[in-house]
Structure formats: structure tokens, C-alpha cells
Amino acid sequence: MRRLILFVPLLVFFVMGIFLWRGLQLDPSKLPSALLDKPVPAFSLPSLQQPERMLSELDLKGQPALLNVWATWCPSCKQEHPHLNRIKDEGYRIIGLNYKDERVKALAWLDRYLNPYAEVIFDEKGTLGLDLGVYGAPETYVVDANGTIRYKHVGVVDERVWQQIKPMLDQMASGEQVTQ
Amino acid sequence: MKKLLILLCLLPVLSQAAIDTYEFKDDATRERFHTLVFELRCPKCQNQNLADSNSPIASDLRREIHRMLEEGNNDAEIIDFMVARYGDFVLYRPPVNHLTYVLWYGPFGLLLVGIVVLLLLPKLLRKRSQDKDESHLSSNEADRLNKLLEQEKDQ
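The listed protein sequences derive, respectively, from chains A and B. Numbering of the first sequence is given in this note's numbering, commencing with residue 371 and proceeding in unit increments. Numbering of the second sequence is given in this note's numbering, commencing with residue 3 and proceeding in unit increments.
To be clear, the hints were calculated from the coordinates, so they are not data collected in a lab. This one's a predicted model, so the numbers in the text were calculated from it and none came from an experiment. It is possible that part of the hints are untrue.
Taking lysine to any residue and the SDA-like style, the derived pairs with C-alpha atoms no more than 25 Å apart in a straight line are [to be verified]: (1) K470(A) <-> V85(B); (2) K470(A) <-> C47(B); (3) K125(B) <-> P379(A); (4) K129(B) <-> K470(A).
According to the in silico footprint, chain B covers these stretches of chain A (three or more CB under 8 Å from chain B) [unchecked claim]: (5) 453-462; (6) 491-503.
Even glycine gets a Cβ: it sits at the ideal position worked out from N, Cα and C.
Please put together the full structure from these sequences, using the hints given.
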């Protein structure tokens, strides 16, 4: 029995080892969104293309969509853009949130790299960004048909990430048809 | 020359303090602003508070705190505002809840374990030395051993 006590340090070592190993797999730069399962905050901001037309949280309702936060000053956004174009071509709805950017530059960007967005919200001062808890671009939110945030991805939505997000959107779309 | 040296010594202090310039209605508000930016963590940076970070998001949040202070919000309202948007991550002083019990009380638990071990250790050691006494040879065995040793010598 007393011999067993000698194994306690070994046991402690293994438990700590498991925790440290687990810690190595986690990416500390990824924060969970505080708005998960909460509605998109209320806002009233102009459209990028038509400054006189105001968009609101109601424009995110009706159909599951991706809300993609981007800006022309964000290098990773350029890398992400072709993926968004392809996602749009697959028939998914993407709403853009042009975050702390200049209108002229943003419009030129969409001309040059094509426009995958059904709507682009022009958030020059970053007020909606602040309410959403955006801390860098690109960020992408999965919003269901009721305008509730279901998932947040920080960083580029590449093919690998898209394969994770796509089933969520598909499931929301099919769930909606069942309830209707 | 001497004045220049003093100035040079002060330079790092000056450059650190001058991040933004905010006007406050009174010194108490200024004090609250400084406490808040020291206690809230920049969401973008891994380990900097809002006061230390130069990232755009940190400066936005500082501006937001300044705005809320000027509008007369209390500290709890400002902290709730930040947590609602960025989660508990922004708090350098995490709340006490079921997720953070280990964090808050774990060290005291470990201290308790240490004290218990420290109290039990003399007892265990004493018991062990008693066990050793028990393992001593009985008088019969001692006689046999002595005989065997003598035989060894004779050879």
C-alpha cells in the first residue's frame, strides 16, 4: 500500500502532461464570441454602394447568411476574397461589413476583385464592429434566418474552414423548410 | 550637459505616458479612466491591457471608455459593456463563477494539501523508523549471526 504512494508524483506528472498537451492544441488568439446565440445587435448604417440607403439588422433576417467583416487595409481579406466569391457562386448569401474603411477604396476593391456580397454595410466608424465584438478583420459570423449569431470564425475563411461552416448553413436552411 | 542627461533619463517615461490625450471633467474621472484601462485587456493582443496597447482596437476601446465616462456611466456599466461584446477575456480580474472556481480557490486548495502533507510527514517518518526497529534481529537470530561470523573468521 505504501509503495503506491510512490506513484503519486508520476500520476501528477501525467495529469499535468495531459493539460499541457491540451493547451498546446489551443490557439490563444481565437476568442469565443460573447454574442454566440444572441441576435445581431441593432444598427442603422448606410449601404456601401448606395450611401442614401440605410441597412439594419432586419436585412440579416429571412435567410441564413454569412456576415463577413472586411476592409481594404486588411491583407488577409485579399487572401480570403476568392474563397468568398466561390461561396457566393455555390449559392450562399454573404453580407459584407466594410469595417473602418474608406468608401472609394472599398468600391474600387469590389470592382477589382468582384463582389460576393448580397449587401455591404458601410461601418466607417466601426460602431457595429464594436457592438459585434470585432477585434480584427477578417471575421465571419454565421447568422441564422432569425438574425441570431450561431458561430464566429476569426481569420480567413479558406476551403478547410468553409467545409466546417457549410454544414451549419445547410442545416439551418433545411430546418427552416421543415418549420415553414 | 547635466540638464540634457536628466532629460534623456525622462524620455522613456514621457513616451510611455503619451498614448492619447483625453480631457476629463475632473481628476476623479481621470483616475477612473486610468484604473479601467489598466484592468481591461486588449482583445486583439495576447497579454496587454488597454493602456499599454497601441493596436487600433485598443485605442477604439479607450475612446469608448472615455465617452462612457463623460456620459456619466459608472464603472460597472462600462465593464458590463465590454464583457457583453468581448466576453470575460477582457477582464484581467475574472469573475468568480463555476468556470473559475479552480482558478480562484485552487491555490488555497494546494496550500491546504501542502499543510496536511507537512503535518503528516513527521508522523510517517517516525512510523517508518519504528518499523525499522521491528526489523532488528531477535536475540536468537543475533546469536546465530555472531556464530556464523566467527566461523568465517576462523577459516
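Q. For the pair supplied as a hint, K470(A) and C47(B), is the alpha-carbon distance within the 25 Å limit?
A. Measuring from Cα to Cα gives roughly 19 Å; hence the hint holds.
Problem - Proximity test - 8 Å, beta-carbon atoms, the region 453-462 of chain A to chain B, at least three hits - result: violated (count 0)
request  = Three residues minimum, CB to CB under 8 Å: does the region 491-503 of chain A make the cut for coverage by chain B? Let me know.
outcome  = Our answer is that it holds, as 5 residues pass the Cβ test (under 8 Å) against chain B, meeting three.
25 Å Cα cutoff - pair K470(A), V85(B): Answer holds: K470(A) to V85(B) is near 22 Å, not above 25 Å.
| request: Decide if the proposed pair is consistent with the structure: K125(B) and P379(A), CA atoms, cutoff 25 Å inclusive. | output: 20 Å, holds
### Query
Given the hinted pair K129(B) and K470(A), is their alpha-carbon gap at most 25 Å?
73 Å, violated
Going through the hint list in order, the structure does not satisfy hints 4, 5.
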